[in-house]
Amino acid sequence: MNAQSADVLIIGGGLMGASAAYFLRRRGVSVIVLERGLVGQQASGTNFGNARRQARNLQQLPLANRAYEIWKQLPQLIDDDLEFVQPGHIRVAYTEEQVGVLEKYARDTREYGLHLQMIYGDEMRARYPFLGKEVRAASLSPDDGHANPRLAAPAFARAAIRIGAHIFENTEVTELAKEGGEFRAGCSDGRVFRAPSMLVASGAWGDTMSAQFGEPVPLVARGPQLGVTEPMPYRIGPSIGVATPLLEETLYVRQIKRGNIIFGGCGRGPAHTDTRRAYVLPEHILTQFRQLARLLPPVARLSVIRTWSGIEGYMPDSLPIMGPSAKVSGLYYAFGFSGHGFQIGPGVGDVMAELIATGSTSTPIEPFLIKRFMQAPAEQVLAV
Amino acid sequence: MAQARVVVVGAGPAGVRCAEQLVAAGLRPIVIDEGRRDGGQIYRRQPEGFTRSYATLYGSEAQRAESLHRGFDALKGRIDYRSETLAWNITAGELHVVHEGAASRIGFDALIICSGATDRLMPVKGWHYAGTYSLGAAQIALKSQACSVGREVVFMGTGPLLYLVAYQYLKAGAKVAGVLDTSRLRDQLKALPQLLARPRLLRNGLSFMASLRKAGVPLLAGIEPLEIKGDAQQGVQSVVVREANGAQREIACDAVAMGYHLRPETQLADLARCAFRFDPEGRQWLPEVTLEGRSSVPGVYLAGDGARILGADGAENAGRLAALSALADLGLQVDRAAVEQLLGQQQKMDRFRRGLVQGFPWPVQQAAQLPDEAIVCRCESITAGELRRVTREMGACEANRAKAFSRVGMGRCQGRYCGQAGAEIVAHAAGVPVELVGRLRGQAPVKPLAVVTREEQE
Ligand SMILES: Cc1cc2nc3c(=O)[nH]c(=O)nc-3n(C[C@H](O)[C@H](O)[C@H](O)COP(=O)(O)OP(=O)(O)OC[C@H]3O[C@@H](n4cnc5c(N)ncnc54)[C@H](O)[C@@H]3O)c2cc1C
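Sequence order for the protein chains is A and B. Sequential numbering of the first sequence, starting at 340, is according to this note's numbering. Sequential numbering of the second sequence, starting at 10, is according to this note's numbering.
Keep in mind the hints are simulated off the structure, nothing from the lab. Built from N, CA and C at the ideal position, the CB exists for glycine as well. All the pointers check out, no bait thrown in.
Part of the chain B face toward chain A, derived, beta carbon under 10 Å: (1) Asn98; (2) Thr100; (3) Ala405; (4) Ala413; (5) Arg416; (6) Cys422; (7) Ala459; (8) Glu464.
Quick look at which bits of chain A chain B covers, simulated, 3 or more residues with Cβ under 8 Å: (9) 486-496; (10) 618-626; (11) 635-641; (12) 644-650.
Make the full structure from the sequences, and use the hints.
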């Protein structure tokens, strides 16, 4: 194979691009990945690392289940340790109404094989003595866990390279086109790459690329905010999320084996896709501090050593853009994961590889197709 | 027009002279400092109630220290001075501070960062044992609390501070077990023409060496540090070095003070989004700053060691210059002749700075030779071997990537103490120039921030 062309060109070396490259190679398809910076440097390397199925949109659960099967096999599959652990995930509620929401979700997800356990009162206090007194109930998803996001996409990329993928870092794609049945990606340094199929996996930058093919989508780039404390003895176990309709209460927390506590939520800052930086807003950090003390009083005795953010693409319905283009044959999309792409990442790579290699996929992705944002013809818009 | 809001961070030589200049122009600046008292590192004031004289505390620099303290005392009532206040973040036009557990924000038209420096450190096997201090920390113990870091202290590293602190310990009655310098006499001879830009300082340095020698302290030049021996219970027990002639030598001690000249505290400049550039002479990344103190960000000024290591006198000048630049940019009258005169002096300071860099070089080869089992990141206990592994096996040739994979620089100090040595280790393992490895991005908070911190409602 000429290194400048392959069966599939993947734009973007995040978790989606890297895992798709890996699973495409496993199917014997040749791939080139073009990454502007370093693999996994954007959302995929800066995220919170929750590998949970609980609290996902029901439509996403088949995909999440497929990803879960991959997570379980991971070290063997890619010969690397992503620090994936399965101490469970609990979702907690401060109000009766939210307890009801959790109970309903537990019933609704049974058919997807989630088996959530609702835990209340003394039993909850005994199991999770670190929870604040406002917490009324917890929904445990026993098999969920978390992993180290900094390691994930690079590990998939290394595994893909070992089985023949070509990955070009520091390679910025500046123009995309389809000419004579072939896709063409022109880069800022003048290099050109070609392939009969293309997968746009460029995260928060995906909308500008789909727009180049006449399929604009209303993606908004934002920067969720995270922080990490100094270490304390390891005792929290499950990762924890708060079920609430109020953005400022949406805290999520996990403790890593070294003892540090990582947290996020409670607000998002602006993200600068042009300069590729998202800066933390101090007011959100202070909100997180208040919510931390409320959810996990023992953590309030610690100090925070670092905060950070990352750039993620959000869709108005919080569902990703995934699947074939509605207009251009051979073109595929996997971007806009709306703040929860980490757990499903390996599943997305596997599904996209299956779809590109075979033309269909056994996991339903109908709700994620780009065609849901197809604009009505101009006359109709004017008539409204 | 309402008075311009000018905020000065740091009340060391640069910050104090800066505030003075602003007050002289009729402003009432806010001066914030995390320390309990003004004076900064070099002219650190003893706690209230301690009564050591200026001569005892500051030796040859007594007059300068006294002048700076008097200068600051005279500003009382004319500045808004906030001590024990940490600047932990910067956003557009706002400085975020925390004082006694309460966070607040201070809006500014001009921000002058005079954040000073800390020791530049090169790891050595065993430097994690209790009893290893930085030179600066050893000096703080002496100046602030009148105590020594050990009974028998070895001073190891290089740079003028090495001899100064060893001398101060000697004078205070401590036992100095040895002064072990990694640079060679011929480095200093080569740098002599530049060092002569400030003959008084050169003379001071030579007299410290002479006093140490006269007191029978072994002064070794051109050494290679091999190991600090000790154990987890007892701490430091001895230092092993290779002498210039190749012989191995072990010196018994119960404390080591170590430092390789200084590194500027640049996190605030970073958070203010100032541009940085690699300084090939000093082999470190420094914020871009003009001699007049202007950074690449309008309204943000940098002065003193936090921008460029020019020493205390250079810092005083830089503080004045930055204030004058800020005043001029705010549309106020400034005395051009004063600016020109200060600039002239700064050029001399800069010549001397280059002399120091040349005379006391950062021992790059030590990073290459550091044994795999030596700890690089003391906060996270990560070894040189692990850092080399992620570089060689996982392809982490960039500083932030190497941190992401290995955790070097991820701990409480956020790489302030291990970042530069870590970059050298990565550069050597990857076979690339250290400037290509880049630098760790600064991230808030500048220092650990308690979760109990609450926003103060204005
Ligand atoms: C702070 C934060 C916390 C999060 N927490 C969680 C969580 O706990 N659990 C969870 O499941 N999800 C979480 N997410 C979401 C998850 O991180 C993302 O959904 C997922 O990583 C998206 O992967 P991606 O590959 O689509 O995007 P990215 O990782 O952003 O990858 C896109 C890549 O495309 C490259 N690219 C863009 N334009 C070009 C171009 N022109 N040329 C070449 N390359 C280009 C970029 O450089 C980038 O590397 C979080 C996200 C953030 C930001």
